[in-house]
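Student: Each chain is listed here by its residues.
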Amino acid sequence: MASTDGPTDYYDVLGVERTASDVEIKRAYRKLAQQHHPDINTDPGAEERFKQVGEANDVLSNPELRKKYDAFGADFRRVPDDVDPEEWAAAQRMREGAGRPPPGWQSDVDDQAFQDFLQDLLREQGRARETWGPIPGADQRASISLSLDDAFHGGRRSLTLGGPTGERSIEVNIPAGVTDGQTIRLPGKGGRGTDGAPAGDLYLHVTIEPDPRYRVSGRDIELDLPLTPWEAALGATVPVEGPGGTTRVKVAPGTSTDKRLRIRGKGIPTKGKEGDLYARVKIVVPDAPSSEEQDLYSRLAEISDFQPRSNR
Amino acid sequence: MSPSPVPAERIEFDSFARVCDLHPELLERFVTLGLLEASADDEGRRWFDRSQVAAVARIRRLRSGLRLSYSAIAVVAPLIDHLDELEVELRRLEAEHHVVIRRWPCTPVEKRS
Numbered sequence: 001m002a003s004t005d006g007p008t009d010y011y012d013v014l015g016v017e018r019t020a021s022d023v024e025i026k027r028a029y030r031k032l033a034q035q036h037h038p039d040i041n042t043d044p045g046a047e048e049r050f051k052q053v054g055e056a057n058d059v060l061s062n063p064e065l066r067k068k069y070d071a072f073g074a075d076f077r078r079v080p081d082d083v084d085p086e087e088w089a090a091a092q093r094m095r096e097g098a099g100r101p102p103p104g105w106q107s108d109v110d111d112q113a114f115q116d117f118l119q120d121l122l123r124e125q126g127r128a129r130e131t132w133g134p135i136p137g138a139d140q141r142a143s144i145s146l147s148l149d150d151a152f153h154g155g156r157r158s159l160t161l162g163g164p165t166g167e168r169s170i171e172v173n174i175p176a177g178v179t180d181g182q183t184i185r186l187p188g189k190g191g192r193g194t195d196g197a198p199a200g201d202l203y204l205h206v207t208i209e210p211d212p213r214y215r216v217s218g219r220d221i222e223l224d225l226p227l228t229p230w231e232a233a234l235g236a237t238v239p240v241e242g243p244g245g246t247t248r249v250k251v252a253p254g255t256s257t258d259k260r261l262r263i264r265g266k267g268i269p270t271k272g273k274e275g276d277l278y279a280r281v282k283i284v285v286p287d288a289p290s291s292e293e294q295d296l297y298s299r300l301a302e303i304s305d306f307q308p309r310s311n312r
Numbered sequence: 313m314s315p316s317p318v319p320a321e322r323i324e325f326d327s328f329a330r331v332c333d334l335h336p337e338l339l340e341r342f343v344t345l346g347l348l349e350a351s352a353d354d355e356g357r358r359w360f361d362r363s364q365v366a367a368v369a370r371i372r373r374l375r376s377g378l379r380l381s382y383s384a385i386a387v388v389a390p391l392i393d394h395l396d397e398l399e400v401e402l403r404r405l406e407a408e409h410h411v412v413i414r415r416w417p418c419t420p421v422e423k424r425s
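Chains as they are written, first to last, in our numbering: chain G, 1 to 312; chain P, 313 to 425.
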């Protein structure tokens, strides 16, 4: 490796060997550029990759620049033409050791200023290729996975997007009541425009994480409502804990397993149309009934003529 | 936020060229190639839908980013639109079935050994 402190190795970016031929570099570049072009690949990380791939290609497809890059690594643009690679490497080692810049080239350029300069240069090169002004950014797509509670209540959520070097964090306002498969549009949070042109939009596709307690279908939520045999037989008013809080529900006498009790408007609170909450009855019996309970069940068995399997 | 004026739904040919910073001849070429669609009114004036401004931006990105010719873009752009529709449908189905289906490659290049 020519340099270990550079941001990203151009050969790595293109996925080619250091000995790669011009044709191989060109082929790798074309392939990656096609894959990561922001209009073809709407993943937010693609934009950064596309930029890196272009930068790597600009250098490696230019024989002069490539030679310098091979010799000097990431610092190659800062090294004057007449510097001998060996001397430079030695000076570099000294600088690292002594903590001060080696003689022979501008060492007083501060990094930010240099980065700005480079960016201007690249921008000008871009302009030279095309005589176009600002180009608005492309739209991007990403997925966000929300718990049912998040989807239910909404709120702010921090989301990290982007590729290997282009990580960015954005604050997203999740509206209360988003549903599985819904898309949230974030204007101006997509691909960057060039030269001050507006950015594209970011489309967030919402997935609601499965929750063992609930089954979600669109705006409706279903949950299991465990009942004792006597509650189911005699009727009762029981609390149902949905994502929006606890509601008391009246269970009619003679309610069997799998009967669905509808609790209107307690599903996902999408604006304008709330979903419903369904409590699916599930009759449960104690694992280890006490002897008194056993007696009572036996009694019940003796006197009851109920035959649930007779009409099968 | 102060209310911004509601943008017109459609833009007349010359204004569109100005808005997009395009030479009218190039705009004409885009129409001929089918890259943009213009509708004509009774007086023979041609109009573009507002959404076509974004289409021009995409033409530029494809041109400058991949060095595609305009006629190549005319082939590629509808395919991208179609891909986009499929992508939306795919995400909808993924949500419905709680699965993740393979995406267009966007993983970093594999490290050389």
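No wet-lab data here; the hints were simulated from the structure. Just to be clear, a hint being listed does not mean it is correct.
A few chain P residues facing chain G, derived, Cβ under 8 Å [unchecked claim]:
1) 330
2) 333
3) 358
4) 362
5) 366
6) 372
7) 374
8) 401
Which stretches of chain G does chain P cover? Using the computed rule of at least three CB atoms under 8 Å from a CB of chain P, they are [said to hold, decoys possible]:
9) 80-90
10) 202-211
Listed below are several chain G residues computed to face chain P (Cβ distance under 7 Å; list not exhaustive) [stated by the list, open to error]:
11) 133
12) 174
13) 175
14) 176
15) 177
16) 180
Source: prediction; values computed, not measured. All residues carry an ideal CB built from backbone N, CA and C; glycine is no exception.
Student: None of the hints should be skipped; say for each whether it holds.
Tutor: Against the structure, the hints:
no., hint, verdict
1, 330, "12 Å, violated"
2, 333, "5 Å, holds"
3, 358, "22 Å, violated"
4, 362, "13 Å, violated"
5, 366, "7 Å, holds"
6, 372, "5 Å, holds"
7, 374, "6 Å, holds"
8, 401, "10 Å, violated"
9, 80-90, "violated (count 0)"
10, 202-211, "holds (count 5)"
11, 133, "5 Å, holds"
12, 174, "15 Å, violated"
13, 175, "17 Å, violated"
14, 176, "18 Å, violated"
15, 177, "16 Å, violated"
16, 180, "5 Å, holds"
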